Every structure is written in structure tokens, then in C-alpha cells.
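2 protein chains.
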Amino acid sequence: MTGIPFKTWMEHIQDRTEKALEHLLPAHDLAPQRLHQAMRYAVLGGGKRVRPLLAHAAGDLSGAAPEQLDASACAVELIHAYSLVHDDLPCMDDDVLRRGKPTCHVQYDEATALLVGDALQSLAFHVLCDAPADGASLVQGVRLLAQASGSRGMAGGQAMDLAGVGQQLSLEELEFMHIHKTGALIRAAVLLGAGTALPDPELASLDHYAKRCGLLFQVVDDILDVEASTATLGKTAGKDAADNKPTYVSLLGLSRAKELAAELHRECLDALSGFGPRGERLVQLTDFIVARRF
Amino acid sequence: MTGIPFKTWMEHIQDRTEKALEHLLPAHDLAPQRLHQAMRYAVLGGGKRVRPLLAHAAGDLSGAAPEQLDASACAVELIHAYSLVHDDLPCMDDDVLRRGKPTCHVQYDEATALLVGDALQSLAFHVLCDAPADGASLVQGVRLLAQASGSRGMAGGQAMDLAGVGQQLSLEELEFMHIHKTGALIRAAVLLGAGTALPDPELASLDHYAKRCGLLFQVVDDILDVEASTATLGKTAGKDAADNKPTYVSLLGLSRAKELAAELHRECLDALSGFGPRGERLVQLTDFIVARRF
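Chains as they are written, first to last, in numbering that gives the first Met the number 0: chain A, 0 to 293; chain B, 0 to 293.
One or more hints might be untrue.
Copies of the same chain are indistinguishable here, so a pair counts whether it falls within one copy or spans any two.
To be verified - Pairs of lysine to any residue, SDA-like flavour, derived with a Cα cap of 20 Å:
1. Lys244 to Asp108
2. Lys244 to Ala30
3. Lys6 to Val105
4. Lys257 to Glu21
5. Lys6 to Ala162
6. Lys244 to Pro4
7. Lys18 to Ser254
8. Lys244 to Ala196
9. Lys210 to Ala30
10. Lys47 to Phe274
11. Lys6 to Tyr107
12. Lys257 to Arg292
Hint data in this document are derived by calculation from the structure and do not stem from the laboratory.
Remember, it's a predicted structure, so these values are computed and weren't measured experimentally.
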């Protein structure tokens, strides 16, 4: 997969991830049909698939073939998809638009959306067990994904996010929240993609990259929430400000938030520099994350 | 653990499960504190711990020591606890009382309860990875638990349950729903406890036992919902009838539901008969499930 242009590579990975997800999600006519239809609605046909892209790009470091990476890529995307469905619920962010479509609970109903998220989380762990790797590596993967998803990872970050509504957070507190809410799963995508074969110093560099990349992603997200339109984002723009949520933009102002993004971008590239050509896809993907407009 | 009276054994397992859960749940003063406090509230200090008891009793078949079974026992209990928290939410069963205390969303809030369930599910898979077993067995365990929890297991059964409200289900449809909603996780508890060392014919008998035991548990639950008081149950009695939910009692009447329980009880004991003294705890536990008054 090296040598082909980034855009072609990205579309290829997005396409194969879509096909893999389509294959592993229960069929729409399998009982309970409504739940399975809603699960497919929530996962398929949308999203940038940033986490699967990260998993595949990180797989380049170990020379893994795309077919060895699909299970990990899909597992992190399923966790991400479940978190969107639950975050959009009325008792959380109460949002009606996601990936350019009505949110799951609007299209179906709240109870179904709740179960969709629950079942997608179970499916993520199931899928991960099917990755072509030895038992010990798989267990390490399950542990990593469970930590990244749980109360000291994504779910915990979401709880901190809720607690922060209407609060004046410090920059450290905001970073702490995002390291959990967005960062943990992005880190898991990178580390699952890279696998367990890298030597320790390389793993340390990659871990540093993964953590900074997670923050970078969030800072860019906060900037886009202010600068982009609802049509481009596919979700309600300006929602954070309307919800009185602390963001990098509300804390730093737009201009300094952009400086922070540039700084994190540099840190990410520095962390990847030791990998040489093996890290090329991750470099390109990081550039894409910064330059994205949606 | 053989030779001691059933009641002593049961209390011992309940006690060690409580301690193990207390140990593995994040501390109440660890950030995000409110989430961790709510997770502890939802899991600790209540419940019959039927699934952990089943895991430990099934462990007797392979001669496993209790300390080898704690991780599996806790993992299934965490999945069960998460499902109760989500089932009690207003968009699902909308219940205010559980294990004799206000439900999680009443004591905290809906968003926290949603995240509690999400994080408990992640924790269950994390805990399972810490069981003292080889990688391949652990992966098999994760796969089993994920299947039992997902859209073709517990979450799927809950979706069928919702779809059944106000409907006239056939006995087959009711059984199909309960095989998923309650049965799948009870089966997982038994199989995880037994481990991977049993010969195939014994595994087949045990699997048959586990499936019938899941149904038995549910039939008894339906009978108790009619016959027991809220104070004894620790949850709102008569809720199924009030919610217009199909149950074994509403479909068969109380007397035939009791006959069905007796029949399933016999089937369970038949399935265990080949195990001899190794199956004694499972026999006693099955008797307890039938005779329980809460």
C-alpha cells in the first residue's frame, strides 16, 4: 500500500472499512430486526473513518497487510460509533443531526438508540477477537480497547465533559478531559494498528505521537465547530458554544487555538520522524487531520 | 469448597464477589469522581449475585479454585449490573427502585447512569482479561461474553422485550425473547465458570443445563413479579403486568407457569446428573433458584 497517493490510499481504506463493517454488522433482516437496522444506520454510510485510517497507517510501521488490520480498525470505529449514538441522546448532548442524517434516536427512538450503543460496544470486543493474531496479543488488544473505552478513557472523558458545562475550566483541566474523551480511543487506534511487534523505543515514540494526535484532533474539532457550517460538518455547528461547553476556542480564542494546533502538529511530526518512510502514511494522515474542513 | 453446607458456600461466594468487585471498581475519589461513585453505587452492596454463584458452581466441574473464578464471576456480574442501570432508565422500563435503593438515574442523573452502564460494560471485558488463563482461553471467554451481551444476546433480548410491550406473543416468541434477554448471560456465566477443559460430551450437557437454567430463572422471576411484594423483591413488584408486558404468567396463568418451572427444574437436574458429585453445587444452586422468594 506504499507508493500510491494519499487520497487514493485514504479512499481505499475508507472503502474497505465500510465493506468490513457492512459484513460484520448483523443483517437487517435478522431478529431483532429493528435493532439491527438501527445499528447499521448508526455505523454505515458516513463518517471520515479517522480511527480506522489511523489503525491502518500505524500498521505500516510493522509492515502489516490491510487484511490483518481490518478487525482492529473496525473495533475502534464501532466503539466510536456507539459513543456518538449515546452522546447524541437527549439526556446527553441532545443532538438531532449526525453525519448529515437524523441522529439514531430521532430516526428510531431513544430506547433503540440506547441498545444500539450497548450492542455496538459488545460487537467491538467480539470483532477484536477475530483479528489474525496470537492469543496473548489479542488479550492485550482487548485490554487496551477496554481501558480506552471505559471510565478512565472515553466514557470518563464524557463524564468530565458533562461536569464541565457552564464551568470555567483551566487549560490543564480541558486537556485532561480531552485526553480521555477523544484521546484515549485515538491512541488505542494507533497502538492496535501498530500491533505488539515494535521495539520499546519505537513504541514510546508512537505512544507520544498518538497522545498528541488525539489532542490535535480535538483542537481542530473545536476550531471547526466555530468556523465550519452545519452542512459541511454533517452535525450541528456552533453546538459547543450554544451548550456553554468549554473548548480550546472559548478558552484561548480562535487565533491562539490555531497556534496550538500548529504546535501539536509539529510535535506529532517530530514524534514520527524516527520511523522514516514507514511512518509516511501517519505523517500524511496527520497533515490531513489538520487541514480537514469537516 | 466441597463439603460445606450450601448456605455457607453461597454466603462465602457472595462475600468474595462483593470484595472482588469492590477492589476492581475504580475508587470513589478517582476522577471522574461522580461517575466512579455512581458505578460503585450501581454494583456494590446488593443483588443475589446469581451469575457469580453460577460461575463458581460451574467451576467445581473442572475443580477450579475460587480465586481462578473471580474474574469471570465479576465480569458477568458487571455486564448484568450495567444492563440493570440501562433497563431502569426512563426511555426503557422507567423504574425508580432497584435492589431496595433508588435506581442509578434517580440517585444521580440520566446522563451519569448512561455512562455508568457504558463504563461497566468496558470494565467487564477488561476484568475478563485478568483471569488466570492462557491467551487462547481468554479470547474464547471474551468472545463468549461479547456474544452473550450483544444484539444476538442480552441487548437483543431487551430490544425484543420492548417490541413485545402490548403485543400478544406466542409461547415460542416469549421463550425466544428470554433466551436472549436473560438466558444468554446466565449461559455465559456457567460456561465461563466451567472453563475450556471439559470434554465435549460434558460441555454439551452443561450447555443444555445452562440454557434451561436461564429459562427457569426467568419463569421464576415472572412468578415472583406476581406473588412477591416490592419490599421482598427490592424492585417494583407487579411492574410487568402494569407495563402490559407479556410474561409466562400472563401467557400461561400462574398455575401452568409453576408447572413449567417444575418441568424446567427437572430438565436442569437431568442435564447435571452425569456429573455426579462434581455437579452438586450446581444442583443446590438450581434448587435455590426455584425456591427463592426474592
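### Message
For a quick check of understanding: which of the numbered hints are violated here, in increasing order?
### Response
3, 4, 5, 6, 7, 8, 10 and 11
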